[in-house]
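Work the whole structure out from these sequences, hints included.
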Amino acid sequence: MAANNLKHALFCALVTLIISYPIIGFNLEIQGINITLTGATTSTIGMVLLAAVIVFLFQLFRDRIMSALRSLPNPLPQPRKEPMAENKRARIESWVLTGIVVLALFWPFFVSRGSVDLATLVLIYIMLALGLNVVVGLAGLLDLGYVAFYAVGAYTFALLSQYAGFSFWMALPLGACLAALFGLVLGFPVLRLRGDYLAIVTLGFGEIIRILLNNWTALTGGPNGIGGIPDPTLFGMEFGRRVREEGNTSFHETFGIAYSGEHKVIFLYLIALVLAIITALIIRRFMRMPVGRAWEALREDEIAARSLGLSRTAVKLSAFTIGAFFAGFAGTVFASKQGFISPESFVFLESAIILAIVVLGGMGSQLGVVLAAIAVTILPELAREFSDYRMLVFGAAMVLMMVWRPQGLMPMRRVHIELKKQE
Amino acid sequence: MLALEDVHTHYGKIEALHGVSVEVNKGEIVSLIGANGAGKTTLLMTVCGSPKASSGRVILEGRDITNEATSNIMRSGIAIVPEGRRVFPGLTVEENLHMGGFFNTKPEIRKSQDHVYELFPRLKEREHQRAGTMSGGEQQMLAIGRALMSKPRMIILDEPSLGLAPIIIQQIFEIIGQLREEGITVFLVEQNAHQALSLADRGYVLETGRIRLHDTGKNLLANPEVREAYLGG
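Just so you know, the sequences run in chain order A and B.
Note that my numbering gives residue 322 to position 322 of the first sequence, counting from 1, and the numbers run on in steps of one.
So the mapping is simple: my numbering equals the position in the second sequence, first residue as 1, plus 1000.
One or more of the hints may lead you astray.
Claimed, not checked - Here are a few chain A residues that sit away from chain B, every Cβ distance over 10 Å (derived from the structure): (1) His8; (2) Leu160; (3) Arg293; (4) Ala305; (5) Ser307; (6) Leu349; (7) Ala383.
To be verified - Here are the simulated SDA-like pairs of lysine to any residue, each with C-alpha atoms no more than 25 Å apart in a straight line: (8) Lys1151(B) / Ile303(A); (9) Lys1111(B) / Ile1155(B); (10) Lys88(A) / Glu1127(B); (11) Lys1106(B) / Ile282(A); (12) Lys88(A) / Gly1090(B); (13) Lys1013(B) / Ala1069(B); (14) Lys1013(B) / Gly1090(B); (15) Lys1111(B) / Met289(A); (16) Lys1106(B) / Leu281(A); (17) Lys1052(B) / Ile303(A); (18) Lys88(A) / Arg1130(B).
Calculated directly from the structure, the hints in this document are not laboratory data.
Glycine included, every Cβ here is placed at the ideal spot set by N, Cα and C.
Below is the structure:
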């Protein structure tokens, strides 16, 4: 037992060294036109060694440490008590949600432009994650190419505005519908696939869309992307200093206030907020409708679901289409926010992050997904100094989540459906 | 009610059913018995349209359903209790039942639900429990109850006694008998030959994809060949 522990501890310490020394111990520096490799300072190397020693000691005495920890009183007592009454909890929940929404409505007027911009990005990710939640969390179809629908939405708006002069409000439903159409088209060939195979095909689809956008230079501008995407307007009022389009007025002149770049940022934020709320409400509605239960039934047992007369095709396609629709929504907002898009914004990593948000939040749980979207988007911004180690921290956070909350931040609580009793 | 006429079914190149003809009349209980791998489940799956028969016809209430989509077949007055129960483990008992009545209106669901609770009072007790946490017998009751939710005129049971305690098997078979009283046609596929045949009006013996024997349940029970092969002499 002791020898076994020693061996294991040595091995763990060695792995720590192997992983951390090359990452932290070497620096690439640009000198003139050359890149030189310099070793880190002795103190850094000392830290790496110290870390290895700590890992070694922890692994060596792990059993004792863990048992000591277990005997400590639990700082976060798990709610063992009876769950609150259903209607009471629903009431509290709706109050809290209303409060958050009201807060979110007024919040941008008191903070810096940068934070509002970031919050808009968070809202876009919330929309994406809520959409993917339908596909992965509810219907149980692992989609690794979700970013493709996001790209379709964004490029629909960009291309329509460039070639046909469409405004944001005209492009929004079109972008979402076109993304939904792509979801439908992708849905057909992948219906017969399950699990890993489905994941691979959707992954391929995501790449196809990106590479197509990258290489179809004549239409999409290829890697140069598309710029000059118009901002949304408010009843024909523009937010720029000068009016770009004939017939429009500018926001600051109409209201007789001084021009400020912040108006536009806040307006975009509010649009994203409203759209995110709409997304959440619509999907919530779907979850309570028979189609939502059909998604879950198909995820739980496909044969049983089919034996009850559910059509596998219809159920899977509906999940895919609805998920893609909201990705298109988010894509349009994203294009408008950035004003410039290129295929680089729609790489596989985006799909992975959105999926990570869904898993982190708890598959199928809307509130959890929203919280996870906030955490995943904001934390890297807060920890800018550590940006070199962002992926390391991200990975560590994922491992910790797996250990402590394998079901996600807020596991899905199944919506309970009750038929009215007939007296 | 249900008739299979010279049905051949293939899995890829392998032929699992070599021209099977079976008939189930309205109001009957018909049992199909056979050893492992004889093609019992394949026969049922062919009725459901997955896989489809490569030749021959499947006729349900005078309508040729050989090439219908599975989802259409399952919505036309026929219900199946699949092998191994297959309840939705994460859904509560009540929600499982509601899934069974997916294509019915709410008042209809309410009515069939009450009826199922009458047949299986045990399910009423467990109404809000997750189906995956119940015992095998309770899950089997739920699977049957779920199939009844669509108000089928005919119900197909695939090995309802699989892996259950003898006392539970007894209860399940009593319920099956009760279904006949209600006018539901029952097509029962079983390995548990003795019980299946004593309950049945008529029985078929399936052997390696062919119907070997066909007689009334009583006669089959007395048949020396059947006694030898399926009833332990």
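Please list, smallest to largest, the hint numbers that this structure does not respect.
3, 4, 5, 14
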